[in-house]
Structures are given as C-alpha cells and as structure tokens.
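With the hints as constraints, model all of the structure from the sequences given.
The listed protein sequences correspond, in order, to chains X and L. Quick note: the first sequence uses this note's numbering, first residue 3, plus one each step. Quick note: the second sequence uses this note's numbering, first residue 25, plus one each step.
Keep in mind the hints are simulated off the structure, nothing from the lab. By construction, the Cβ of each residue, glycine as well, lies at the ideal position given by its N, Cα and C atoms. Check each hint, because a few of them may be wrong.
[Said to hold, decoys possible] Straight-line alpha carbon distances no greater than 27 Å define the calculated DSS-like cross-link-like pairs of lysine-lysine that follow:
hint, chain 1, residue 1, chain 2, residue 2
1, X, K34, X, K92
2, X, K128, L, K204
3, L, K152, L, K65
4, X, K128, L, K206
[Claimed, not checked] A few chain X residues that don't get close to chain L, going by computed Cβ distances all over 12 Å:
hint, residue
5, S96
6, K100
7, N116
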Amino acid sequence: MSRVPERSASAVALSIVTREGKPVYLKSFEPKDEIKYHFIIHAALDYFDEKQAQEKSSYLGNIAYIEDYRLYGYIANSGIKIILCTDDGKPIGSGDRKAFFDGVQQAYIDYAANPFVRENTAIVSKTFDARIERLTQQVYGAKS
Amino acid sequence: FRFVCGLSFEGQVLALRVRSATMSHQNPNTMGPAAWKGMDKMNSELFTLTYGALVAQLLRDHEDVDAVNAQLDKMGYNIGVRLIDEFLAKSNTERCANFETTANLVAKVGLKMFLGINANVEKWNSDKTACSITLSDNPFQAFVELPPSLSNLCYCNLMCGVIRGALEMVNRVVKCEFVKQKLHGADHDEIRLTLEEVKEDQPPPDDE
Numbered sequence: 003m004s005r006v007p008e009r010s011a012s013a014v015a016l017s018i019v020t021r022e023g024k025p026v027y028l029k030s031f032e033p034k035d036e037i038k039y040h041f042i043i044h045a046a047l048d049y050f051d052e053k054q055a056q057e058k059s060s061y062l063g064n065i066a067y068i069e070d071y072r073l074y075g076y077i078a079n080s081g082i083k084i085i086l087c088t089d090d091g092k093p094i095g096s097g098d099r100k101a102f103f104d105g106v107q108q109a110y111i112d113y114a115a116n117p118f119v120r121e122n123t124a125i126v127s128k129t130f131d132a133r134i135e136r137l138t139q140q141v142y143g144a145k146s
Numbered sequence: 025f026r027f028v029c030g031l032s033f034e035g036q037v038l039a040l041r042v043r044s045a046t047m048s049h050q051n052p053n054t055m056g057p058a059a060w061k062g063m064d065k066m067n068s069e070l071f072t073l074t075y076g077a078l079v080a081q082l083l084r085d086h087e088d089v090d091a092v093n094a095q096l097d098k099m100g101y102n103i104g105v106r107l108i109d110e111f112l113a114k115s116n117t118e119r120c121a122n123f124e125t126t127a128n129l130v131a132k133v134g135l136k137m138f139l140g141i142n143a144n145v146e147k148w149n150s151d152k153t154a155c156s157i158t159l160s161d162n163p164f165q166a167f168v169e170l171p172p173s174l175s176n177l178c179y180c181n182l183m184c185g186v187i188r189g190a191l192e193m194v195n196r197v198v199k200c201e202f203v204k205q206k207l208h209g210a211d212h213d214e215i216r217l218t219l220e221e222v223k224e225d226q227p228p229p230d231d232e
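Take a look at the structure:
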C-alpha cells in the first residue's frame, strides 16, 4: 500500500523552446539547480514527437517522468513548445494545467507582437516575466 | 471664402461649407463619439502590428534614432495635410473662433474618430496658446516595449506630424511634441501643442 503525497505539486521550472529546438526562455522557480533543469527539459524534448503522434491537440499532457519530476508539454500551432516541470506532489487538475499553458501561450503571443523582438532570440522582458510569475502564482500557489 | 470638402458616403453629393464668423457652439464631447460611429473600422491588432513593422523598418533604414523620429514626423505631416479634409467632412465642424476650440476639437473629435482614443486637454498657459493633450490609451503602442538602446525613440511621433500637418492646412502653424510617453515609463502619454502662428488665408494662385 503506497502513501499518496498530500502536498500539492508545485511548479519547478518552465521553458519555451522554438520549433528548431532552441530554448529561448527558462524560468526556474527553485533558485538552486538551474543547470539541472536545462538538462531535464532538454531530455524532455525527445518525448515530444512521440506524444504529438498520439495527441491531436496542442496540450500534450504528461510527457515524461525524469528524476522525480513530472514534465508536461504543449506545442503551439507555430511550432513553439512549452514545457512545464513540476515536482512529485499531488498533481493539479488537467483543466487547470491546460488553462495555465493557454495563459503562457497568450503571454508569449503578446510578447512576440512587440516589433522590436527578433525571432528565435532569448526572451528578455520584465512584463513577460511578471506575467509568468503571476500565472504560476495563481495556478500553482506559493513559489515564484 | 469657401472650401469644398468630402463626399458623403452615398458618393454622389458634395458638401459645401461656408465660412462662419459666429462663435462655434458645437460640443466636442458629443461630436467625437458621433463621428467615431460613422467611421469604417479595422482590426486594431492589424493596425498596431503594421505600425510596429513600419517603425522597425525605419530603424533598419536609418541607423540614427533622431533621424527616425524626424522621419515619423514627416510621414505624419504628409498624412495630416490630407486627413484634414476627411476630418472636416465627417465631423461637421464649424470654423473655430479661438485656439482653445481648435485644441478641443483635435483631442475630443479628431483623436476619437480616427483612433478611438479618449483624450483630455489640460495645462493651458495664461494666454491660451499652448496646452497638453493627455492620452491614457494609444492603439499605436499596444504590446510594445522599447529596448534600452532605443530609449530616445519617440515611437508615436507620427501622431504629432499628423496634427501639425492637419492644422497647417487650416492656417494654424503649431508645434506638436510628446513631453511624456508611456513607453518611456510615464503613466500616460502627453502631447504639448503650441500655437505659433495664425496664417492669413491665401488667395488661390493666379492662372496666368
């Protein structure tokens, strides 16, 4: 008989990767171990193709378990991929998670509408960061 | 002195406007929304993104930010000298008795009908020749964030050119510039409008 963890999962990292596989944004909600999240998310990219074949919609759901973290994927019609990494607490509802990804996608769209943004460059924007933080607060509570 | 302006939307009738010497009793607060209702509308995001592409292209063409500011003003001027005809046709304005009326018409009717902007006129100087037009929302600059290297860019300078060009066609020479910009960190945009000269009506050139 296994004990179900009562603590709710919290978001650990969020990454946005271009169609070509270049990471343009990585936000970690745990200040330590940033390099680790780079590797984990990079590993998760491999699972995208497989999952995409199964799922027709943008939201790909849980794509992998790597080192005690759960990874969720989302691929937009433009080809950009959003990867969310959470710890192994009790997962939040998939409806909420889908809404979270939609929110991240919307923030990205508003960011990309800035005429001074060049395609496929790293995302450096205070408003974008603030929006992601607010969204994560709303959906995953505590940390930022 | 008569000037012919515009076609009604049926496309057949020309409206004749006669110079009126009487004080205007029009209310810009109602004229603005009324004129706005009669205008064709376009998708605001398309407008914003097109303007953004225009500014980005100008920045690529001219290396210098001041040159881009000047170019935006010049383009706006060229638009303004033509836009005044449409403004006069669609807004049913009468001749302005003073600059205060003019400024109110620009802010409450002009900006409203062409851009949907709700603007206010304030900070008049003592002899009523200069004022500030404050805007809280501006469709040109939605989604825009200026990178630090472009902190001198007056992104919406086109608007100043339009106002300057349009007013020059009705014989008011003005200086028009942004003194506060949301993109530079202020909480609203503020355009300072200063009347420099009222020109006399010129007779039409002789056909000899």
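State the violated hints by number, sorted upward, taking the hints as numbered earlier in the document. 3, 7
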